[in-house]
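Number of protein chains: 2
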Amino acid sequence: MLRLSKLADYATVLLVQLGQQDTLMTATALAGATGVPEPTVAKLLKGLAADGLVASHRGARGGYRLARALSEISIAAVITSVDGPIALTACVEGRVCEAKSLCALSSGQWDMVNKAIRSTLESINLDDMSRAHLTGGFAPASRCVAHDHHPAREG
Amino acid sequence: MLRLSKLADYATVLLVQLGQQDTLMTATALAGATGVPEPTVAKLLKGLAADGLVASHRGARGGYRLARALSEISIAAVITSVDGPIALTACVEGRVCEAKSLCALSSGQWDMVNKAIRSTLESINLDDMSRAHLTGGFAPASRCVAHDHHPAREG
Numbered sequence: 001m002l003r004l005s006k007l008a009d010y011a012t013v014l015l016v017q018l019g020q021q022d023t024l025m026t027a028t029a030l031a032g033a034t035g036v037p038e039p040t041v042a043k044l045l046k047g048l049a050a051d052g053l054v055a056s057h058r059g060a061r062g063g064y065r066l067a068r069a070l071s072e073i074s075i076a077a078v079i080t081s082v083d084g085p086i087a088l089t090a091c092v093e094g095r096v097c098e099a100k101s102l103c104a105l106s107s108g109q110w111d112m113v114n115k116a117i118r119s120t121l122e123s124i125n126l127d128d129m130s131r132a133h134l135t136g137g138f139a140p141a142s143r144c145v146a147h148d149h150h151p152a153r154e155g
Numbered sequence: 001m002l003r004l005s006k007l008a009d010y011a012t013v014l015l016v017q018l019g020q021q022d023t024l025m026t027a028t029a030l031a032g033a034t035g036v037p038e039p040t041v042a043k044l045l046k047g048l049a050a051d052g053l054v055a056s057h058r059g060a061r062g063g064y065r066l067a068r069a070l071s072e073i074s075i076a077a078v079i080t081s082v083d084g085p086i087a088l089t090a091c092v093e094g095r096v097c098e099a100k101s102l103c104a105l106s107s108g109q110w111d112m113v114n115k116a117i118r119s120t121l122e123s124i125n126l127d128d129m130s131r132a133h134l135t136g137g138f139a140p141a142s143r144c145v146a147h148d149h150h151p152a153r154e155g
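Protein chains in written order, with the working numbering: chain A, 1 to 155; chain B, 1 to 155.
A portion of the hints provided could be inaccurate.
[Stated by the list, open to error] With a Cα cut of at most 30 Å, we get these calculated DSSO-like pairs of lysine-lysine:
id : chain 1 : residue 1 : chain 2 : residue 2
1  : A       : K43       : B       : K46
2  : A       : K43       : B       : K43
3  : B       : K6        : B       : K46
4  : A       : K46       : B       : K46
[As the list claims (entries may be wrong)] Some chain A residues close to chain B (C-beta under 10 Å, calculated; not the full set):
id : residue
5  : Q21
6  : L24
7  : T26
8  : D83
[As the list claims (entries may be wrong)] To list a few chain B residues with every Cβ distance to chain A over 12 Å, as calculated:
id : residue
9  : T23
10 : T28
11 : A33
12 : R65
13 : A87
14 : A116
15 : R131
What the hints contain is simulated information worked out from the structure, not anything from laboratory work. Yeah, the Cβ is synthetic: ideal placement off N, Cα and C, and Gly gets one too.
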């Protein structure tokens, strides 16, 4: 099982939502429309704007819009903007790596797997993703509280 | 950033090690040769044997060997054996999912991404991986204690 950061999942939801609107949307409106908490929406929009995926417009009627079409935003671009370069890691989230120079996942045998996954994710855009998901709304996966659990291999 | 389970990383290390031996190897010998803790080696070998990736031989001179060539073991088969079906998840490890039926990552928009990643991982075998990593030994990534950290997006 490969774990994606929740923020990267939320970012795709926000971008697809923006792509479905003709008007500018504020962080508050985006939070309301998607269910992603507003502080998280604000933080993500700031990063996505810095990476040129969304454009912000100031003023009383200000808000955010996509900087380019959904079909021109790859899922790789979204993940990279939110989480940094795409690479498999077996590391514990949130700590500083104590031995990066020794890390096999960052320096060796997984390189070709990382390259292949990166290339795959560069080939899929947000328009593909939203069209492929025709049943139900494009919603964050935040409600899925857990798992990664494989009972057969436990104990 | 995509997080792989440590066990899946360890399993690739064990399989490549077995593929480089002409003789049977015990769990103790494999632990010694790879640096993966012996209880983890024993647990992983049991699962890999159940899925037909390694064969066990009992007796005083018993041990494990690959059940098929490294070139016939895809990285997808290893991950699936250790972690279950390959799919992106944003979930918290180790808990039981409380709302799987509502989970967007398991049921909707990420399906095409999951399929593409699965297909990519099915196309790469352990022989490819071990050959691509010619500098240094094929070692577990366990020494890399952490990360997933993206300071620019914090706070």
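Status of the hints after comparison with the structure:
no.: 1; hint: A:K43 / B:K46; in the structure: violated, 45 Å
no.: 2; hint: A:K43 / B:K43; in the structure: violated, 42 Å
no.: 3; hint: B:K6 / B:K46; in the structure: holds, 17 Å
no.: 4; hint: A:K46 / B:K46; in the structure: violated, 48 Å
no.: 5; hint: Q21; in the structure: violated, 17 Å
no.: 6; hint: L24; in the structure: violated, 23 Å
no.: 7; hint: T26; in the structure: violated, 20 Å
no.: 8; hint: D83; in the structure: holds, 4 Å
no.: 9; hint: T23; in the structure: holds, 23 Å
no.: 10; hint: T28; in the structure: holds, 20 Å
no.: 11; hint: A33; in the structure: holds, 15 Å
no.: 12; hint: R65; in the structure: holds, 21 Å
no.: 13; hint: A87; in the structure: violated, 6 Å
no.: 14; hint: A116; in the structure: violated, 5 Å
no.: 15; hint: R131; in the structure: violated, 9 Å
Hints 1, 2, 4, 5, 6, 7, 13, 14, 15 from the earlier list are contradicted by this structure; the remaining hints agree with it.
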